[in-house]
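Engineer: Using the sequences and the hints, build the whole thing.
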Amino acid sequence: MSELLTIADRVVAQARPGEQVEAFVSRGGETEVRVYQGEVEHVVSAQSEGIGIRVIRDGRTGFAYAGALTDDAVADVLAAARENVGFGEPDEWAGLAEPDGVPVTEQVLWSDELAAVAADDKIDLAMQLERLTAACDPRVRVDEANYADAYGEAAVVTTTGIRQHGRENGCYVSVSTLADDGDETQSGFGFSVGRHTGELDLERAAREAAERATRLLGATKPTSRRLTVVLDPFVTAQFLGIISSTLNGESVVKGRSIFRDRLGEAVAAPTFTLVDDPTDARAYTATDVDGDGLAARRNVLVDGGVLQRFVHSSYSARRAGTASTGNALRGGFRGTPGVGCHALQLQPGTRSQAELVAGVDDGVLIQSVSGIHSGVNPISGDFSTGAAGLLISGGELGGPVREFTIASTLQRMLLDVVEVGGDVEWLPMRAAGVSLVIRDVTMSGS
Amino acid sequence: MCLVIERDLVEDVLAHAMRTGAEFAELYGEDKRSTSLALDDGRVEQVTSGRDRGVGIRVIRGATTGYAHTADLTAAGLRAAAEAAASAAGHADGGRHVVALTPAARHVVNTVVTAPDEVPTSRKVELLRRVDHAARSAGAEIVQVAAGYGDSRKQVLVANSDGVFVDDDQVRVLMRISAIASGDAGMQTGFQSMGHTVGWEAFDRVDVEALAREAAEQAIRKLRARPAPSGALPVVIKHGTGGVLFHEACGHGLEADHVAKGASVYAGKVGELVASPLVTLVDDGTLAGEWGTLGIDDEGHPTQRNVLIQDGVLTGYMWDHVRARAEGRPLTGNGRRQSYMHLPMVRMTNTFVLDGPDDPDDIVAATDHGVYIAKLGGGSVNTANGDFVFGMTEAYLIEGGRITEPLRDGNLIGNGPQVLRDIDMLGNDFAMGNPGTCGKDGQGVPVGDGQPTLRVASMTVGGTAS
Chain A
1 MSELLTIADR VVAQARPGEQ VEAFVSRGGE TEVRVYQGEV EHVVSAQSEG IGIRVIRDGR
61 TGFAYAGALT DDAVADVLAA ARENVGFGEP DEWAGLAEPD GVPVTEQVLW SDELAAVAAD
121 DKIDLAMQLE RLTAACDPRV RVDEANYADA YGEAAVVTTT GIRQHGRENG CYVSVSTLAD
181 DGDETQSGFG FSVGRHTGEL DLERAAREAA ERATRLLGAT KPTSRRLTVV LDPFVTAQFL
241 GIISSTLNGE SVVKGRSIFR DRLGEAVAAP TFTLVDDPTD ARAYTATDVD GDGLAARRNV
301 LVDGGVLQRF VHSSYSARRA GTASTGNALR GGFRGTPGVG CHALQLQPGT RSQAELVAGV
361 DDGVLIQSVS GIHSGVNPIS GDFSTGAAGL LISGGELGGP VREFTIASTL QRMLLDVVEV
421 GGDVEWLPMR AAGVSLVIRD VTMSGS
Chain B
1 MCLVIERDLV EDVLAHAMRT GAEFAELYGE DKRSTSLALD DGRVEQVTSG RDRGVGIRVI
61 RGATTGYAHT ADLTAAGLRA AAEAAASAAG HADGGRHVVA LTPAARHVVN TVVTAPDEVP
121 TSRKVELLRR VDHAARSAGA EIVQVAAGYG DSRKQVLVAN SDGVFVDDDQ VRVLMRISAI
181 ASGDAGMQTG FQSMGHTVGW EAFDRVDVEA LAREAAEQAI RKLRARPAPS GALPVVIKHG
241 TGGVLFHEAC GHGLEADHVA KGASVYAGKV GELVASPLVT LVDDGTLAGE WGTLGIDDEG
301 HPTQRNVLIQ DGVLTGYMWD HVRARAEGRP LTGNGRRQSY MHLPMVRMTN TFVLDGPDDP
361 DDIVAATDHG VYIAKLGGGS VNTANGDFVF GMTEAYLIEG GRITEPLRDG NLIGNGPQVL
421 RDIDMLGNDF AMGNPGTCGK DGQGVPVGDG QPTLRVASMT VGGTAS
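Protein chains in written order, with my numbering: chain A, 1 to 446; chain B, 1 to 466.
It is worth saying that the hints were derived from the structure and are not from the lab. Careful, some of the hints might be misleading.
[What the hints assert, rightly or not] Distance condition first, Cα-Cα at most 30 Å in a straight line; then the derived DSS-like pairs of lysine-lysine:
| # | chain 1 | residue 1 | chain 2 | residue 2 |
| --- | --- | --- | --- | --- |
| 1 | A | K122 | B | K440 |
| 2 | B | K440 | A | K221 |
| 3 | B | K154 | B | K440 |
| 4 | B | K440 | B | K269 |
| 5 | B | K269 | B | K154 |
| 6 | B | K269 | A | K221 |
| 7 | B | K32 | B | K440 |
[Stated by the list, open to error] Now the in silico label distances, taken between C-beta atoms and shown as ranges:
| # | chain 1 | residue 1 | chain 2 | residue 2 | range |
| --- | --- | --- | --- | --- | --- |
| 8 | B | H133 | A | G29 | 42 to 52 Å |
| 9 | A | D72 | B | T114 | 51 to 61 Å |
| 10 | B | G62 | A | D303 | 50 to 60 Å |
All C-beta atoms in this analysis are idealised placements derived from N, C-alpha and C, irrespective of residue type, glycine included.
Structural biologist: Structure, rendered in structure tokens:
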């Protein structure tokens, strides 16, 4: 049996009458290799482990953690969590998850092959990526080329009957580029992720990183106007991340969601169907259990533009008078679970990005956005981000543009969705990417 | 202190780390205890206490850095981490190394009167309750309040093969308050925070109830906000709120790692006029009590005051050990890391612009049509081309030299070198801003910023109104 489960079992066995106790124990590690100009710049090899213990008594919650698993550390954490219970204020909905009978969809999240990769081979991958990228275009320099992998193992046990254990690993390569033309420098990036190194597509990462930087050379500042935007898959994934915060059950029960009163109503264009599916093995963030220890499951959130459901943890569900959707999210042993989407995807359309562009008269293909966390307010719905990309005129891609913003509101953007592309990309994010066309967005430039 | 590693053992571990032919080895140890309380929806939902203790070992051989860390502070655990770091840095015949450490006196920049961990948790709960009450009392429009209290004490030990052997005791207290107001046109948000590198006495000096009211009133004022303009306009930024502009417009571009790789628009520009002659920009990790203040940086070097831009002329960059060693430069106290699990790199501390000549009221009065920003959100920059954005979370129109209607949230975008040149008025009302967290390469570190009221002649405001 897993050593982590043993530690968690031992903690939970110490629960006193009237106490709910949850122990979350994890261990993990990562390797990061960065190369620069044919030499290894750094190799970081990191291992960590720790425990977080939650104690609930009379509706009061206390929590403590430590980055160590020695007997003394574990005993200290349990004592500190118990002490903290005394200071929380009673919450009639406080409580741990209870098994809900939903079967766990087993996922292949562990690769023995990746676990066996030698350190030198990891360095070789980063070196190869640097060479491939530099070879793409004479104007391109490589700012950094990276290989990274990580593994993690976790156990969660509660007095309410939850007892789960799992492990996973994965790897990625990433490259940052600079393209020069006279005094001008533009930057780009590319990456590829996989469950093992055989899944990494170095050529594609190199090509995209070179193309993203070079195609912005000569970019100008566009004139302000309203137009249609075509979001690159990577940008759409970031947009979906913001939309997901408005569908968060905890935000809903605490009155923070713009859609809190809109269940069953049309909140988006009919072409917009949004699903959170952690059981889809293609998703980078696919998982079998959620942060509460319940089965992760497929949930349709928006169907044909109609808001179908919010995502819930056991806590937010209890408050909302509904059942958990298996959407408790835990960031590690240092905190208690929050609520969020695991693996969002838009139901794809059928057309390629080129076909989508061909249908746009005056628009801009958005290659990247910046300030998505500083200029988007999911509570008021205001959306404004910095952007860079290529103009679209009469269905043709035109010159590069930068130093402008795109703005609308989240409510309007969902209703203004024109089409979803068929070009799904699985990204190392909580949402899959796909090209997305949205009309009537304000571009602010000169 | 809690983090006791005997000097003999540290010398032994560093010598062990250098056996494979390294030129440099470093041990960074940390013992951090933290407490946080989260109030939301009218109640203190959770009290959390945490402890992180461990050691990171860095080994440099040629152009390669190896790094490993461990939470096992026994001699065996430290030696294993030293071997892992040395192995990561690559092998060569290095022979035997002897490391002799010279203990240095602590560089004291902050004074802690009352250690937060000696304050009963019940008083921290009571502080949050007062904050909640004050925010909700600001008006019937307030429908939700969330507030977080946090304190931490991080004891740090840094030793390296150059003989450095120093420690530091870093205490922080933090309060964050967010309020939501609801009106006919939907919901709006207000936010205030305070953070200092001192003890519990911070809450005797700052009126947190006033801070809570300010967060609530900000949300209420925004209920009648109209869409922000779209396009290029003069922008006036209130004192003590716009330091993030400099952090993004040029701060990151003055970090020696970006400069060395030719990934900064400021590379090769020392001695040149890069900003309006009004601008003198300083990065200073010694400002008592400020959020980005440290006695030593995370490479064991005392923090100091570094003038980066003097009267518009670029005077220097910020350096860490690796970049300074490669280019034969003196250290500036800017080598920082998130924790013992992270590799240090060049980072800012407290970055601010000194006072200029103008009366802040005159700056607004001299602006016929523009935007007044009373509170900024976060930002980000592309150091390669200098384009940067920052959010405005409380802003107003300026019409006929007067501040008029409130505006909805949005981003502003500009080009760093251009915006620095376009600063055409600078106030005489310097103030430090709110505590910030600067993210770089996946690591977050606490930073401070500050500036007087200032005007940028033209920036692109990313709203929707024509």
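Engineer: Against the earlier hints, flag every one the structure doesn't satisfy and list their numbers going up.
Structural biologist: 5 and 9
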